[in-house]
Every structure is written in C-alpha cells, then in structure tokens.
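Peer 1: The chain contents come next:
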Amino acid sequence: MFADYTMTELTSIFAMQGFAGLSLFSIFVLMALGLAIIFGQMGVINMAHGEFMILGAYTTYLTAQVFESVMPGLYGGYFFVAMILAFVVTFALGALVEWLMIRHLYHRPLDTLLATWGLSLILQQTYRSVFGAREVGVSLPDWMMGSIAVTDLVEIPINGLFVMVLSLLIAFAVYLLMFRSGWGRQVRAVVQNRPMAEAVGIDSGRVDRVTFALGCGIAGVAGSAFTMIGSTGPTSGQLYIVDTFLVVVFGGAQSLLGTIASAFTISQAQSTMEFFLSGSMAKVLTLLFVVGILMLRPQGLFALKVRR
Amino acid sequence: MKANLFIEWLKSREGIYYVLLALLLVVVFPLALDSFRLNMVGKYLTYAFAAMGLVLCWGRSGILSLGQGIFFGLGGYCMAMFLKLEASSPENTAIQSTPGIPDFMDWNQLTALPWFWEPFHSFSFTLIAVLAVPALLAFIIAVAMFKRRVGGVYFAIITQAIAAILTILIIGQQGFTGGVNGITDLRTLMGWDIRTDEAKTLLYFVCVGMLFVCLIVGAWVMRSKLGRILLAMRDQEDRVRFSGYDVASFKIFVFCLAAMFAGVGGAMFTLQVGFMSPSFVGIVPSIEMVILCAVGGRNSLLGAIYGALIVNAAKTFFSESFPELWLYGLGVLFIAVVLAFPDGLAGLYRRYVMPLESKLPAILRRGNAEAQTLPVEEAK
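Taken in sequence, the protein lines are chains A and B. With our numbering applied, the first sequence covers 1 to 308. With our numbering applied, the second sequence covers 309 to 688.
The hints are all genuine.
Ranges of calculated distance between the beta carbons of each label pair, as one might list FRET restraints:
| hint | chain 1 | residue 1 | chain 2 | residue 2 | range |
| --- | --- | --- | --- | --- | --- |
| 1 | B | Arg345 | A | Gly77 | 56 to 66 Å |
| 2 | A | Arg188 | B | Gly460 | 16 to 26 Å |
| 3 | B | Thr496 | A | Gly279 | 30 to 40 Å |
| 4 | A | Phe172 | B | Trp423 | 44 to 54 Å |
| 5 | B | Ser627 | A | Glu135 | 16 to 26 Å |
| 6 | A | Tyr75 | B | Phe447 | 54 to 64 Å |
| 7 | B | Pro422 | A | Leu169 | 47 to 57 Å |
| 8 | B | Arg658 | A | Pro195 | 28 to 38 Å |
| 9 | A | Arg188 | B | Phe550 | 24 to 34 Å |
| 10 | B | Val488 | A | Leu169 | 31 to 41 Å |
One-sided excerpt, in silico: chain B residues whose CB lies under 7 Å from chain A:
| hint | residue |
| --- | --- |
| 11 | Val458 |
| 12 | Leu477 |
| 13 | Leu635 |
| 14 | Tyr636 |
| 15 | Ile643 |
Hints in this document: simulated from the structure, not taken from any laboratory. Every residue, glycine too, gets a C-beta built ideally from N, C-alpha and C.
Modelling step: build the complete structure from the supplied sequences, incorporating the hints.
Peer 2: Shown next as structure tokens:
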C-alpha cells in the first residue's frame with residue numbers, strides 16, 4: 001500500500017495524518033483522564049461518561065449563545081468562562097449522581113456499569129428533548145480560526161492545536177492533583193486500603209464523592225474542548241465511550257502516563273491507517289489490535305506492580 | 309418408571325411453572341393474538357434465548373458479557389446467508405449483471421460469490437454453523453481471557469469492544485455483508501415461503517419448541533453438579549481453584565453455551581422477521597439483552613423469558629405511543645433493577661407471591677378434594 005507514493009509524499013502524509021490524529025488524541029486524553037480517575041481509582045465503570053462530556057459541550061454552547069446575544073464584544077473570551085461553567089455543572093451533577101446512586105454500588109462494579117448505562121439513556125433523551133435531535137455547533141472566536149503553515153505540505157489548524165495544548169495542561173493538572181497534593185494522597189490512600197485510611201481520619205465517603213465528581217468535571221471540560229473541533233448532538237458522547245474505555249484499559253487503569261501513551265498510540269494508529277484504508281477498516285484494525293494486546297497483556301501497558 | 313418420574317416432576321413446584329409457561333406460549337398467545345402480534349411475541353422470544361444464556365453466564369457464573377449481540381447476530385447472519393442464497397437463484401436475479409449472487413453483492417460490483425458464502429448453499433451446514441460459529445468465536449475469546457484469569461469488568465469491556473468491532477466490520481464490508489441495511493428480502497426456506505401468515509405461525513411454534521429445548525438444557529446445567537461449581541466459582545473463585553477445579557474450563561464452557569443459545573435465538577429471529585441487520589449486533593442490543601435478563605431475575609431461566617416478553621412488549625407499546633418516554637423508561641429500568649430489585653421479577657415473585665401460594669391450596673382444600681394432593685407434593 002506504500003508503493004504508490006514517493007518518500008517525501010509519504011513523510012507529509014504521515015505528518016498531516018499525525019496532526020489529524022492529534023485532535024482525536026486530545027478527545028481521547030480528555031475523556032480518558034476523567035474515566036481513568038473514576039475507574040482506576042474507584043473501580044466504578046461510568047458508562048454515562050460520554051453524556052457528562054456532552055453536558056459540558058451543551059453548557060459551552062449555551063454560554064456562547066449568551067455571549068453572542070448579550071455581549072458580542074467579549075465573544076473572544078467566552079470559551080474560558082464556558083470551560084469553568086462546564087466544569088461546575090458537570091461536577092455538581094457528578095456529585096449528585098454519586099450520592100444518589102454510585103455510593104450504594106461500590107462493592108458491585110458490574111452493577112455500576114448497568115446503572116450508569118441507564119443514566120446515560122436518561123441524559124441522552126433529556127438532551128434530545130431540550131436541545132433537539134440535531135447537532136449544534138458554536139462559532140469559533142476569531143483568534144481560533146485559521147491555521148499555521150509549517151511547510152508547503154503541512155498545515156496545523158489553530159483550534160486543533162489549542163485543544164491539544166489544553167488537554168495536555170489538564171493532564172498535567174490532574175497529575176499534580178493526584179500525585180502532588182494532599183487531597184490526591186488521601187484518594188490514593190483510600191484506594192489502597194480503605195479501613196486503614198479511615199482509621200487515620202480520612203472521610204472516605206467524602207473522598208469518593210469528590211473523586212467521582214472530579215472525574216465528571218474533567219469530562220465537562222473535555223466537552224467544552226470538544227465543541228472547538230466538532231458539533232454536539234445527543235448521542236455524540238456514546239460514539240467515544242467504547243474507544244475511551246479501551247484507551248483506559250490499554251494504558252493500564254491506574255497509570256496516568258499509560259492513559260496518555262495509549263491514547264496517543266490508538267489515535268495515531270487509527271488516523272494513519274485511515275489514509276490508506278477505509279475509515280471503518282482502520283477502526284476495526286485498531287480496535288482488534290488493542291483487544292489482541294489486551295488478551296496477551298490484560299493488565300495494560302503501564303501496569304503498577306502490585307501484589308494481589 | 310421413567311414416565312412416572314416425569315409426571316412426578318410435572319407435579320412439583322418447578323414442573324408447574326414450566327407447564328404454565330408452556331400453556332401461555334402454546335395455547336394462550338396463539339388463541340388470543342392475531343398473526344401479526346403472535347409474530348411479534350415470537351420475535352421477543354428470540355431475545356429470551358440470549359437472556360437465558362446470560363442467566364447461565366452472568367447470574368450463575370458471574371461473567372458479565374456485554375457481547376451477546378455478537379452471537380445473536382452471528383447466528384442470525386448464518387441463517388440469513390442461507391436464505392439469501394436461496395432467494396438469489398439465477399432465475400430470480402436474471403436482471404443483475406452477475407446472476408446468481410445476492411443483489412447487494414451485484415450493487416457493490418462483486419462478480420463472484422465470496423468463499424465464505426459458498427458452504428451456506430447447504431441447509432445442514434447452515435444449521436451446524438448457527439451453533440458452531442458463535443460457539444467458536446466465544447471459545448476463542450473465552451480461552452484468551454479466562455486462561456489468563458481476566459474477568460469481571462475487563463471481560464465486560466472487551467466483549468463490548470468486540471461487539472463494536474463486529475458492527476463496524478459488517479457495516480464497512482458492504483459487498484460481503486449487505487452493509488448497514490443487512491441481509492434483506494429473504495423469501496423461502498427449502499422452497500417453503502416464510503412470509504405467509506401460516507408460515508409465521510408455524511415458525512412461532514418452532515421457536516417456542518427451541519426455547520423449551522434451551523430451557524431444559526439450561527435447567528439441567530443449573531441443577532447438575534456443574535451448575536453448583538459455577539455458583540461456587542461466582543462467589544469464591546479462588547477456593548474453587550484451590551479445591552482442584554480448573555476454573556477457566558468451566559467459564560469457557562458456560563460462555564460457549566450462552567453463545568450457542570444466543571446463536572439459536574438469532575437464527576429464529578431471522579426466520580421470523582425475514583431480515584438481519586447490524587442493528588441487532590452492536591453495543592446497544594447487547595446491553596439490552598442484559599437488561600432483559602436483569603429484569604427477569606439474573607438467576608432464573610424462567611424469569612429471563614418473562615423478562616424478555618415484558619420488556620420488549622413495553623418497548624413496542626411505548627415506542628408506538630410515546631416514543632420520547634421509552635428511553636426514560638429504559639433508563640429508569642436499568643437503575644431500578646440494579647438499585648432496588650437486584651433479583652428482578654423472579655426475586656419479587658419469591659418474596660411476595662410465594663408466601664401467598666402456600667395459602668392458596670389451603671383455601672382450595674376446604675372446597676375442593678382434588679387440590680388436597682398439592683400441599684403433599686410440596687412437603688416432599
């Protein structure tokens with residue numbers, strides 16, 4: 001399949017597809033970070049994660065609408081307001097869901113999967129009733145339009161670059177929070193040994209709630225970023241949920257670095273193959289590859305070495 | 309002697325439930341419903357096959373598969389390929405540029421039948437394939453996973469991913485599979501028109517018959533020593549392993565059995581509905597099969613059948629009358645069945661109806677001499 005192209009063409013194809021893959025990579029990282037916190041730290045399967053992301057996207061859409069009609073002069077800065085709002089809204093919903101539903105199910109991981117699937121159906125239908133079945137999009141502020149030409153053949157769109165930088169920043173923030181802050185230490189303590197953590201005075205119920213809500217909040221920010229590169233519909237979240245779960249599992253559920261590395265591998269493999277094969281075959285091959293690796297190495301790429 | 313034992317069994321509590329179900333499916337529904345509705349009940353029952361497989365696999369052995377749609381779809385596609393080949397005889401397809409191959413292949417510029425379609429000219433091969441293809445794939449997945457002691461959540465996610473892969477593959481390979489429309493326009497089975505009302509009624513009875521075959525196989529597995537090992541494995545896997553049992557082999561067996569049940573269901577689905585498409589293969593139908601099983605009661609085979617009937621009937625009713633409400637209803641059902649009724653209908657029955665049952669014969673006993681035998685039977 002490579003024979004028809006010259007070497008320089010091949011290089012630029014890989015470069016262009018690589019950048020195309022990077023925007024997929026950003027979505028994967030943003031979604032997978034929240035999932036990795038919730039699944040890796042708490043063992044809860046949140047099938048409604050995509051819907052939390054879409055909630056963030058709709059929040060961003062509404063904020064954009066408000067800015068457009070009330071203060072068009074400040075439109076360039078709406079995104080930062082929207083991002084904070086998206087985080088707050090999804091964080092609050094996440095805390096509520098944890099309190100109503102998840103905390104009763106911690107010892108039954110398979111049941112959290114079914115219950116959150118139910119939640120995702122309810123949320124999807126709510127979005128459909130409120131925003132309609134059609135996809136909505138936001139108009140980008142001026143400074144995010146256009147692209148940077150690196151060479152004659154290679155161009156990087158600014159919005160994609162922005163989202164990528166944003167996702168790396170958020171990943172770094174999550175790293176600081178989980179591994180460099182007192183709160184992160186509490187979370188890890190509860191994960192490793194709940195009774196002992198409680199014995200030294202950690203309120204494990206509260207830690208659980210905040211962890212879950214934080215994972216959802218990051219999904220909300222992901223949704224906010226998602227509006228920069230795609231349009232939002234009621235079922236947009238569900239499209240990514242299986243891929244994202246594979247990203248998390250493939251990376252090794254408890255390792256942030258693993259999550260990022262696997263998001264990179266999967267998105268790059270997919271977008272590079274997309275150029276040479278049809279989109280569906282590229283996806284099939286990527287997923288098969290991941291499933292195959294997981295069968296050989298079920299603990300994922302970057303597993304923590306722990307005794308079980 | 310054997311016949312006697314059978315009658316004894318029929319009089320037992322369990323036997324009565326089976327007889328009641330048989331009466332409902334064989335007598336009440338065909339008498340009460342018109343041909344169209346009966347065909348729909350038949351369609352619901354095909355999901356019950358997959359749900360029964362999940363009872364064995366999930367309720368009994370603790371292996372949650374989110375990929376029963378894969379096996380349902382494979383069984384259905386095997387049957388559909390046979391029927392499609394029969395429908396695409398050279399005479400029927402004379403207007404195509406290549407007569408004798410299915411119409412969608414012709415539209416996709418295929419000029420010869422792909423190799424994997426060839427064996428489906430034979431009906432006996434198809435019947436074997438309906439069981440063997442799902443079982444083989446299940447075997448491969450199960451060996452790869454269970455021999456490495458992967459289970460629980462990871463298994464669920466991987467099966468879901470495989471369901472996604474298969475759907476994308478079927479949709480993408482339009483020329484070989486019929487793409488997103490699936491394999492449609494199926495007409496005859498060995499020269500017998502399956503589209504008439506009489507054929508549909510007959511197929512309904514065949515479906516009920518197959519359902520009872522699977523039910524009895526499933527019940528036998530649950531009652532046998534094998535079933536007890538499965539249960540022990542679910543609750544204390546390591547202890548079973550340390551007792552010298554090869555846990556992985558038992559899991560592989562039960563997963564393959566569940567896949568075969570789903571395959572039979574899929575084949576019956578194709579026969580009764582008259583087409584097969586990727587929308588019955590993917591993530592959403594697979595997880596709906598889990599909810600059928602959960603609503604019925606994840607530990608009860610009979611519950612799975614009632615669950616399939618009730619949930620699907622509700623789905624049809626709501627999507628006909630209030631389409632917006634159905635997803636809310638389904639969502640609430642998922643949450644309620646997990647949080648409030650983990651044992652589903654079967655659990656509710658055991659808790660609320662069974663205590664009444666013991667009173668019932670007492671009332672009957674006063675007036676009716678015949679009913680006196682019932683409590684005696686129960687005492688055994």
